[in-house]
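Read off the chains here:
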Amino acid sequence: MNGKGNRQIGRRRVLQGLAALPFAGIARASTGDTPLEMREIAPGVFVHQAPYEEATPANRGDIANLGFIVGDQAAAVIDSGGSLREGKALLAAVRRVTDRPVAYVINTHFHPDHIFGNAAFPVARIVGHQRMAAALKDRGAYYRQTLDRDLGEVAAGSAVVPPDLAVTDSLGLDLGNRRLLLQAWPPAHTDCDMTVRDERTDSWFLGDLLFCRRMPTIDGSLRGWIARLEQLRAIPAARAVPGHGPATVAWPDATDPLLRYLTGLSDEVRTALKNGVSLAEATGTVGRDLKADWILFETVHPRNVAVAFAELEWE
Amino acid sequence: MRSSKPVLAVLTLLLTGLTVPCPAVAEDGAAAEARWEDIRSALFKGKTLIDGSDVLELQAPARAVEAALVPVGVHVKFPQTAERYVTSLSLVIDENPAPLAAVFHFTPDSGQADIETRLRVNDYTYIHAVAETNDGKTYVVRTYVKAAGGCSAPMSKNAEAEAGHLGEMRFQQIGAFQPDVPNRAQVMIRHPNNSGMQMDQITRLYLPAHYVQSIAVTLDGKPVLAIDADISLSEDPHFRFFYLPHGPATLKISARDNLDQTFSGSWAVGPAGR
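If you read the protein sequences in the order shown, they are chains A and B. If you number the first sequence the way my numbering does, the last residue is 315 and the count never jumps. If you number the second sequence the way my numbering does, the last residue is 274 and the count never jumps.
Check before you lean on any hint, since a few could be wrong.
[Said to hold, decoys possible] With a Cα cut of at most 30 Å, we get these calculated DSS-like pairs of lysine-lysine:
| no. | chain 1 | residue 1 | chain 2 | residue 2 |
| --- | --- | --- | --- | --- |
| 1 | A | 274 | B | 77 |
| 2 | B | 137 | B | 222 |
| 3 | A | 137 | B | 77 |
[As the list claims (entries may be wrong)] Restraint ranges, calculated between C-beta atoms of paired labels, are given here:
| no. | chain 1 | residue 1 | chain 2 | residue 2 | range |
| --- | --- | --- | --- | --- | --- |
| 4 | A | 159 | B | 168 | 52 to 58 Å |
| 5 | B | 83 | A | 285 | 35 to 41 Å |
| 6 | B | 270 | A | 256 | 46 to 52 Å |
| 7 | B | 170 | A | 259 | 24 to 30 Å |
| 8 | A | 259 | B | 84 | 51 to 57 Å |
| 9 | A | 285 | B | 29 | 29 to 35 Å |
| 10 | A | 223 | B | 174 | 23 to 29 Å |
[Unchecked claim] Residues from chain A that keep clear of chain B, each with C-beta distances beyond 12 Å, as calculated:
| no. | residue |
| --- | --- |
| 11 | 38 |
| 12 | 53 |
| 13 | 56 |
| 14 | 58 |
| 15 | 93 |
| 16 | 123 |
| 17 | 153 |
| 18 | 172 |
| 19 | 236 |
| 20 | 266 |
| 21 | 310 |
Worth flagging that the hints you see were computed from the coordinates, not collected in a lab. Beta carbons are placed, not taken as given, at the ideal position from N, Cα and C, and that holds for glycine.
Can you make the complete structure from the sequences, with help from the hints?
What follows is the structure, encoded as C-alpha cells:
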C-alpha cells in the first residue's frame, strides 16, 4: 500500500478502507505458527510479555512487549516483534481471538525488536511517527545486517517495512466502536517515539518510553526523555503497558525507577564533564550506583553513559 | 609543519580498493596479519617499524560499548623536547574501510605528544599507532578492539537538533593552567562527520560523505598540533592534546572539511583560566 504521508483519517474513511481489505482470517489454518503467548490485560486488549533478554536465535528476537486490540470491525497490532517468525506467531495469536482483519500495525518506534514482524502483516497499514520512515532509511540496512548476526537463520524473511501512515502530532484510529489515540512525541528514547491509548479501557501503551526491570537504552535524547516522562506522568491512565517489563503496570508509579535512573545518569555525567573526566574513564566509572535491580545493567549501562556524555557535553 | 593531506587521500583510496573488508577477516589471525602487511607497505613504505612498547602506550577498550564512539588514546613515554620529539603519530584501524583514521603532527611546542580521540570502528580489528620521531625512527604498537558497525550505523543523535550548529567549537582546559609545563586541553567540533557509508535503504545510494579533513592548533601563531583526519573520526570530532605555554597566550584552532567549509575559534589561555 502506498501511504501519502501524514493524514488524519476519520472513522468513515477507516471503515471504507476496511471494506476493501481481504480478510486475513482465511489464512488461519495455513499459517501453522505457534501462537505467541498473550494476556488479556483489559477487555479486548492483549499483551505479550517478552523475556528480559537480548535477541538470540532461541528467542527469535522476542525481547519487546507486543500487543493487539480488537474492535468491532478490525484489530490493531502494537509493535510486531523482532523477526518475521515472531510477527507470524503474533498474527497466529490474533487469529486465536478474532477473525477480524488486522487493519493497522502501529510501531511505537523504529527499533528492530519492535518492527521486524511488520512483514507478517502484508495487508495492514503500518503506522509510525512522522520521522520514522526517514530513520529507517538511515538505519534499516544496518539493522537487517545485525539481525542476521544476532538471529542467524531465524532472521530469514525478516524485512524492513517502513510506515505508510505517518503520525505528526496525534491521530485517532477507529477499529469499529473502539478508538485508539496515537500520539507522536519529540526525541526521548528515540526521535520517533509514539504512544497508543485504547480509549475504551483507558489502557496506555507507552512503547519504549517506559522500561520496567529491563535496563533502558538511550537512542534519542536523555534530556528529552526526562522531560517527556515528567509530562506524561501528569496524564492519568487506568493502566500502562511498557515496551519492556511486565505486561501491565500501575501508572504513573511504574515510571519511578526509570526516572531515578535517567536523572541520576544525567546528574552524574554532568558532574564528570565538569571535572574533566574523559569518555574512556566515564564509561567504566559513572553511574555505577544506579544499578538498583535493573536487569542487563552491565550490558547496557556503559553505552548509555557514552551516549549521555556525547549529548550533555554540548550543553 | 607539513601537511600530508593529498597523500592521505590517495592512500585511503588505494587501501579501500585493496582488500574488501569482510566480517570474518578479523577473526582469522593470518588474514589480519596480511591486512596489516598491506597497510604497512602502503603507508610506511621503506621504513623499519620498531616495536614501540617502550615508548608508546595505546589505550582502547577491548570491547567497544558504542562502535560509533570508541575512545582511543596514545601516550608517549617521553616529553617533547627540541632534542627528541615525536613528529607524527598515525592511528590505523586495520579493518575499517578507510584504515588511516588520522595523522597527528607535533612540534616541541606540543609539550607532550599524547592524543585522545573518538573513532568509528566497523569490525573486530587491530588498531595500530605508529609514531615517527625527529631522529628518523618509526615505532609501532597495536591493540585489538571488538566492535561492529561503527562506520555504517548512524549515530543516535537527532539530526534536526544538530542542524544549525555545524562547525561550532568548544575548548576546555583540563586541569589548572601552568606555564612552562605541558597543559592538557580538549577541543570538540560540531560536525556530522558522515562516513559516506550509511546506505539509503530505498535508493540503495550512500549518503554523501561530509567530514572534517584538517585541523590546526596554534599558540600565539606557533604550530602546536596539526591533524589530517578521515571518516573514521566519530561525529562531533573530539580531541585531547597538550600544549606548552610560557605564559598567557592565544590558542587558535582552525578546521576545514571535505566540502571546503572552514571553521575556527580562538581562546585566551592563562592563569585565570580561559
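Against the structure, the hints come out as follows:
no. : hint                        : result
1   : A:274 <-> B:77              : 28 Å, holds
2   : B:137 <-> B:222             : 25 Å, holds
3   : A:137 <-> B:77              : 46 Å, violated
4   : A:159 <-> B:168: 52 to 58 Å : 39 Å, violated
5   : B:83 <-> A:285: 35 to 41 Å  : 38 Å, holds
6   : B:270 <-> A:256: 46 to 52 Å : 47 Å, holds
7   : B:170 <-> A:259: 24 to 30 Å : 29 Å, holds
8   : A:259 <-> B:84: 51 to 57 Å  : 55 Å, holds
9   : A:285 <-> B:29: 29 to 35 Å  : 33 Å, holds
10  : A:223 <-> B:174: 23 to 29 Å : 24 Å, holds
11  : 38                          : 31 Å, holds
12  : 53                          : 19 Å, holds
13  : 56                          : 16 Å, holds
14  : 58                          : 21 Å, holds
15  : 93                          : 29 Å, holds
16  : 123                         : 21 Å, holds
17  : 153                         : 17 Å, holds
18  : 172                         : 26 Å, holds
19  : 236                         : 29 Å, holds
20  : 266                         : 16 Å, holds
21  : 310                         : 6 Å, violated
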